[in-house]
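Trainee: Chain by chain, the residues:
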Amino acid sequence: GENVEQHPSTLSVQEGDSAVIKCTYSDSASNYFPWYKQELGKRPQLIIDIRSNVGEKKDQRIAVTLNKTAKHFSLHITETQPEDSAVYFCAASIGGYSTLTFGKGTMLLVSP
Amino acid sequence: EAGVAQSPRYKIIEKRQSVAFWCNPISGHATLYWYQQILGQGPKLLIQFQNNGVVDDSQLPKDRFSAERLKGVDSTLKIQPAKLEDSAVYLCASSLVGSSGGQETQYFGPGTRLLVL
Numbered sequence: 001g002e003n004v005e006q007h008p009s010t011l012s013v014q015e016g017d018s019a020v021i022k023c024t025y026s027d028s029a030s031n032y033f034p035w036y037k038q039e040l041g042k043r044p045q046l047i048i049d050i051r052s053n054v055g056e057k058k059d060q061r062i063a064v065t066l067n068k069t070a071k072h073f074s075l076h077i078t079e080t081q082p083e084d085s086a087v088y089f090c091a092a093s094i095g096g097y098s099t100l101t102f103g104k105g106t107m108l109l110v111s112p
Numbered sequence: 001e002a003g004v005a006q007s008p009r010y011k012i013i014e015k016r017q018s019v020a021f022w023c024n025p026i027s028g029h030a031t032l033y034w035y036q037q038i039l040g041q042g043p044k045l046l047i048q049f050q051n052n053g054v055v056d057d058s059q060l061p062k063d064r065f066s067a068e069r070l071k072g073v074d075s076t077l078k079i080q081p082a083k084l085e086d087s088a089v090y091l092c093a094s095s096l097v098g099s100s101g102g103q104e105t106q107y108f109g110p111g112t113r114l115l116v117l
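Residue numbers (the numbering used here), protein chains in the order written: chain U, 1 to 112; chain Z, 1 to 117.
No lab work stands behind these hints: they were computed from the structure. Everything numeric in this text was worked out from a predicted model, so none of it was measured. Note that CB positions come from ideal geometry on N, CA and C, so glycine has one too. Mixed in with the good hints there might be a few duds.
On the chain Z side, residues computed to face chain U include the following (Cβ under 7 Å) [what the hints assert, rightly or not]:
(1) Ser-18
(2) Trp-22
(3) Gln-41
(4) Gly-42
(5) Pro-43
(6) Asn-52
(7) Asp-56
(8) Pro-110
Capping the alpha-carbon separation at 30 Å, the derived lysine-lysine pairs in DSBU-like fashion look like this [said to hold, decoys possible]:
(9) U:Lys-57 / U:Lys-71
(10) U:Lys-58 / U:Lys-22
(11) Z:Lys-15 / Z:Lys-83
(12) U:Lys-42 / U:Lys-57
(13) U:Lys-58 / U:Lys-42
(14) U:Lys-57 / Z:Lys-62
(15) U:Lys-71 / Z:Lys-71
(16) Z:Lys-44 / U:Lys-71
(17) Z:Lys-44 / U:Lys-104
(18) U:Lys-22 / Z:Lys-44
(19) Z:Lys-11 / Z:Lys-78
(20) U:Lys-57 / U:Lys-22
(21) U:Lys-104 / U:Lys-58
(22) Z:Lys-62 / Z:Lys-44
(23) U:Lys-58 / Z:Lys-71
(24) U:Lys-42 / Z:Lys-11
(25) Z:Lys-78 / Z:Lys-15
(26) U:Lys-68 / U:Lys-57
(27) U:Lys-42 / Z:Lys-71
(28) Z:Lys-83 / U:Lys-58
(29) U:Lys-68 / Z:Lys-11
(30) Z:Lys-71 / Z:Lys-11
(31) Z:Lys-71 / U:Lys-104
(32) U:Lys-42 / Z:Lys-15
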């Protein structure tokens with residue numbers, strides 16, 4: 001089955017810096033890659049996703065890039081703010097009725 | 001629109017006891033998922049329903065876990081008997097029907113935090 005590796009496990013940045021979280025996946029058939037943000041004690045919430053027919057997607061300060069050849073995708077957060085502090089999870093799926101396989105998460109801490 | 005609802009929010013039981021969790025998905029969402037999230041890890045799928053049929057239960061420990069979605073809407077997840085290692089957050093999620101080529105967004109409920117003593 002699919003295996004998703006996520007790095008780093010923790011990331012500390014200063015407010016205003018950029019943060020990058022990377023994930024690799026094993027199943028070349030995967031074509032859907034969402035990113036979820038989970039604040040302490042709260043539910044995971046989708047922040048951005050990308051499908052395999054595009055290489056990059058942006059939404060304000062957040063962007064995701066996908067390299068299907070290398071089987072990796074990354075989350076980029078620019079101009080980080082303290083409220084960006086949370087655990088971020090990447091996931092992969094082959095689409096349709098298939099399930100999501102999650103990475104182990106990255107705890108992002110943005111210091112003022 | 002209302003989100004995914006779950007209850008209870010917290011549950012403390014002793015090992016070997018039974019426990020049940022309830023989930024109400026977003027209206028119109030045919031697909032329902034139960035995940036187990038152990039502290040410090042990502043959610044792990046336990047079971048996926050399409051309407052009231054099971055699509056994937058390959059990671060469900062069937063000797064102690066069971067789940068049903070009798071009318072294709074609400075779902076219950078049961079653990080009987082519970083073990084210490086079952087301590088986790090149990091998340092329910094729902095999505096629209098996945099098309100043949102596209103994955104639909106999964107929306108998560110607030111979760112049930114289970115502590116087994």
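Trainee: Going through the earlier hints one by one, which of them does the structure break, listed in rising order?
Mentor: 1, 2, 6, 14, 15, 23, 28, 29 and 31
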